[in-house]
Each structure stands twice: as C-alpha cells, then as structure tokens.
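So you can see what is in the structure, the chains are spelled out below.
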Amino acid sequence: MTLIDLLDQAGLTGRGGAAFRTAIKVRAAAEHGATLIVNACDGEIGATKDAWVVENQLDGLLGGARLVAGDHPIRVAAHRGSRAAALLAAAGVDVLEVPARYVSSEESALISLANGGLARPMTKRAPFVAGGRDARGRRIPPTVVLNAETVWRIAQIAEHGPDWFRRQGTALEPGPRLVTLTGAVAAPHVIETAAGARLGDLFGAAGGLLDAGLVWVGGLAGVLIPAPEAARLLWSSTDLASYGGSIGSGVVWALDPAECPVAFVDHMLTYAAGESAGQCGPCMFGLPALAADWHDLAGARSGRAVDAADRLAARVALLPDRGACRYPDGIARFAASAARVLAGHLDQHARGTCPPVRTTRSLVNA
Amino acid sequence: MNELLWYLSRATGIASIVLLTTVLVLGVVTSGRRLPTGERATIVMAMHRWLSLGMVTFLIGHITTAIAETYVSIDWVSFLIPFTSAYARVWVGLGTLAVDILAAVMVTSLLRHRIPERAWRSIHWLSYAMWPLALAHGIALGTSAQPILRGITIACGAAGAAALAWRTTTTYADRDRRRVALAGEWS
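Those protein sequences? They're chains C and E, same order as listed. Take the first sequence: its position 293, counting from 1, is numbered 832 in the numbering used here, and each next residue is one higher. Take the second sequence: its position 100, counting from 1, is numbered 327 in the numbering used here, and each next residue is one higher.
Please note that a few of the clues may not be correct.
Stated by the list, open to error - Below, simulated DMTMM-like cross-link-like pairs (lysine to aspartate or glutamate); rule was C-alpha separation at most 25 Å, straight line:
{"#": "1", "chain 1": "C", "residue 1": "K663", "chain 2": "C", "residue 2": "D846"}
{"#": "2", "chain 1": "C", "residue 1": "K663", "chain 2": "C", "residue 2": "D673"}
{"#": "3", "chain 1": "C", "residue 1": "K663", "chain 2": "E", "residue 2": "D401"}
{"#": "4", "chain 1": "C", "residue 1": "K663", "chain 2": "C", "residue 2": "E798"}
{"#": "5", "chain 1": "C", "residue 1": "K663", "chain 2": "C", "residue 2": "D778"}
{"#": "6", "chain 1": "C", "residue 1": "K663", "chain 2": "C", "residue 2": "E636"}
{"#": "7", "chain 1": "C", "residue 1": "K663", "chain 2": "E", "residue 2": "E230"}
{"#": "8", "chain 1": "C", "residue 1": "K663", "chain 2": "C", "residue 2": "D835"}
{"#": "9", "chain 1": "C", "residue 1": "K663", "chain 2": "E", "residue 2": "D302"}
If you are wondering where the hints come from, they were derived from the structure by calculation, not from laboratory data.
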C-alpha cells in the first residue's frame, strides 16, 4: 500500500487550520514533483503546538517530511527568532525564517517568501502545488506546504497504520491531534487529545480554568463561547459549528477574567487590521473599518455608537469570500461571534458600567 | 495648393494638441479610479478612448500635410524615425518621438485584453513623456507668429500641468494604505 493510500484511509486532514485532506495534497505534490515546505510557524495567536512538535517529535517530523519529499530537499518554516527556529537550526535543518506576521505563515505567503518574494499571500489562480505565477508574473515552481503536526502524523500513520489512527477522534475528524491550551489557565501548554474531547476535560488537564468567563476557540479566526457552555461542549468542528466555529489550528484560549472582554476584542480587531498585507480591498480597508466599528460600539457616549452595530453587521456580511487569502473571512467570523456573545455586555459597556465577567462555579466539573 | 496644405497642417496640429491634452486630463482623472465613480466613470473612460482615436485622425492629417507641403523640407522617413528631418531637426524630431510613443500606446491598448496587464500599463505610462514632447514640438514650430495658436498651446500646457499636479498631490486611500502596509516587515 502506498503512502497516499494510507493517508487516504486514515482520513488525515491538515492540522494548520484549513483541515484539507492531506492525501490529496501529497498525491498532487508527487504528481508535480513539488518542493515541500513544512510550516512550523505557529502563526495563530497563542498557538505553540508546532514548536511542541519540533521540540518533542523532531525525528517523526523529519521522517514524515522525508516520506513526502523523497530525495528532494526539505525546508521548515519558522518565525524568525523563535525557539522552534533555533531548535531546527541546531538540528541542521534548512530553516525558512519567516517574519512574525499573522498572514506571513499562510501557505502562499510562505511560498512567495521561499521564492525570493515578500511573505505576503498570493492569489491562488490554481493551487501552487502545480506551480504558478506571483502578482508580478514571476514563475513560482510547484510547492506544497504542510503543517508541522500534519507531517508528524504522516510518519505516525506510516508506522502504526490507518486503523490505529482512526481509533482516535470522531468519524468525521479522526486521529490524534494537538491542542494548545492558553490564556487564563493554571498551566498553559500543549496536550495531545482528539476531536470529540470535552472542552472542560481539556481545561482540567491544563489545571482548570481560572474563573474565565469566556473561552476563545480557534484563535483570531475563531469564536467566543461563554465558559459554562464551553465546559460542556465537545471539541469537534461538528459541535463547534453551532457557535460558528471549528477546531481550526487547535488553539483554545481562556479569556483573562480581569480584562474586559469588549476591550480584549477591541485590542484583537485592531491588531488584526494592522496585520493586513495591504493587497486586497476587503482586507486593507474592510478590517480597519471593522475594528473602527467595534471601537465605536465599545466607546461609551461617543455618539458614534448609535449605528455601529448595524455597520458592523453589514461589514461582517460583506467581508467573506473575497481577497487572495481567507484572512478577512476569519476576522469577520470572530467579530460576528464577539458581537453575538457580548451583545448584553456591549450595552452595559457603552453605558459605562462594564460588568465583571466572572463565574464562581468550577468549570472543570461543570 | 501648397498654402492650403500649410494652413491645414497648422490647423490639424493645434486640434491634435488640444485633443491630446483633453485625453491626458481625462486619463489622469481616471487613473486609479480616483474621482469619477459609477456611470460617470464609464463616460469619462469612453471619452478618453474615443477622443484619443479622434486625435489620431487629426494627427495623421497633420503629418501628411506637413510632409506633402513644400515650404519646408520634411521627408516621409521623419514620420517614424526621429531627428531625420532637414527642417528643424530637433523640434520635428520631438514630434516624431511623440508619434512613436503614441503608436506603441495605441497598439498595446488595442491588444490590451491579449497582453499582460503590466505590459500595457508600463507602455501606457509613456504617455506622460509623449505629452510634453508634443507640446514642445507645437510651441517651437507651429505657433511662433500666431498669438492665438500659441495661446491655445500654452493653455493646453497649463491644463495638463494642473491635472498632473492634482494627481501627484491628492491623497489616495488605496495607494497610501498599500504603502503603509508594505512598510512593515515582510521578509
């Protein structure tokens, strides 16, 4: 049985966030003789799982990369100055040093950087696994980008077989996967679990939630969920779909109860607007406008809050499915979820009586 | 007959520079879709295109009459190859250069949907060199003894310069935002 058949049977999907079928990518890479770039950037806010793979499973990572790349050279992308980059360099791996910008670790941005361009996303007229051209018309050779955890899982499937893989997780999202638990938890860290685990149990493994009122699942492209509901919720894209979310790149973040969540979202949307590569209208104008809407919404007695909710709702509907990468889609999803979950809080916030978001129950055993 | 050709050459020349300036101003106004929006943008764009074709008609009239008349000696070769004219070698040459650029701009515009956008754009940028060449050619040669013609040419220069000044000084959200984003760390 070939590697591609094994991956197909195992049902492995990309662990970087997009959850695309890995077998399809690996097959296309073999057909086009594509160069492999392993993405160990942990580009999502709060994510540390790629670094965890580099630190704890480097042999598996490089073994998996060798299975995909064959005799071709392997490059591993990591944020410049990061611990992962240092560990990889020390191990003699060819490191593609990536600026620590949110969109720079997006697949096509890495391909652009690897080919002498800027680490900004490119328009994918067709998947770059077959090669293509950048915006200037320069030729881009066939390149495939796989997340570090995905590559490690490939080595595991080759070693233990697809049946072992499928025994974990759910039928739709099989296999073990890493989750980064961070924010207001007793001990932020990466644990290995599988889709379908209860979020409350995951937090239990991380020493429990520290009175967090809200849980942020999926990072900057993710959704906010009230902690009491989150504790009972199963960590799977099927269950998270009712909140508009998905597993994404596997970050689960407990919001600091000492910080106003409206201000937190404000901070994150402002950051998101600043991370635009400034290439597509919906991103370079839409995201700052979205951040401004939220700022107005949160701004007490400014007078601009009056129609800010309507503006935000209209903007959120306009942003998805446009632009070279899916960045605005994710930010719009986050903003929509924040507006939904924090609707009550926003009203009080605008009146200047920001309520503390605290729960006294132990969420671990909720 | 020769006299008629001479006057025709002046008239078509001045008509050409007026139309060229109009086309330039319309193009500057449209560049980057800054001012006109919606239906108005379509009208401005259509005028830019059709007036430029109209200008070409006058220009062909201007060149053929200038060569055909015999007061001054300009050969057919000077139609396309600059600085070959026996009469006013430099000033006629500037006009020829402008015609060469115009030909390139015209051909690439007609083939715009068949060639890379970047190729079309870089050639189209040459229009900014063509216009002052044509203007200098006009002021130096055709309008010296006629204040009305000279006045029209100078007015064309002023109108074009004003449009260019507006283009370079106005803020432009798209350009500005791209610059700000590009100034960040991307490599």
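Consistency of the hints with the structure:
{"no.": "1", "hint": "K663/C - D846/C", "in the structure": "violated, 36 Å"}
{"no.": "2", "hint": "K663/C - D673/C", "in the structure": "holds, 9 Å"}
{"no.": "3", "hint": "K663/C - D401/E", "in the structure": "holds, 22 Å"}
{"no.": "4", "hint": "K663/C - E798/C", "in the structure": "violated, 39 Å"}
{"no.": "5", "hint": "K663/C - D778/C", "in the structure": "violated, 31 Å"}
{"no.": "6", "hint": "K663/C - E636/C", "in the structure": "holds, 22 Å"}
{"no.": "7", "hint": "K663/C - E230/E", "in the structure": "violated, 63 Å"}
{"no.": "8", "hint": "K663/C - D835/C", "in the structure": "violated, 35 Å"}
{"no.": "9", "hint": "K663/C - D302/E", "in the structure": "violated, 53 Å"}
This entry does not satisfy hints 1, 4, 5, 7, 8, 9, going by the numbered hints stated previously.
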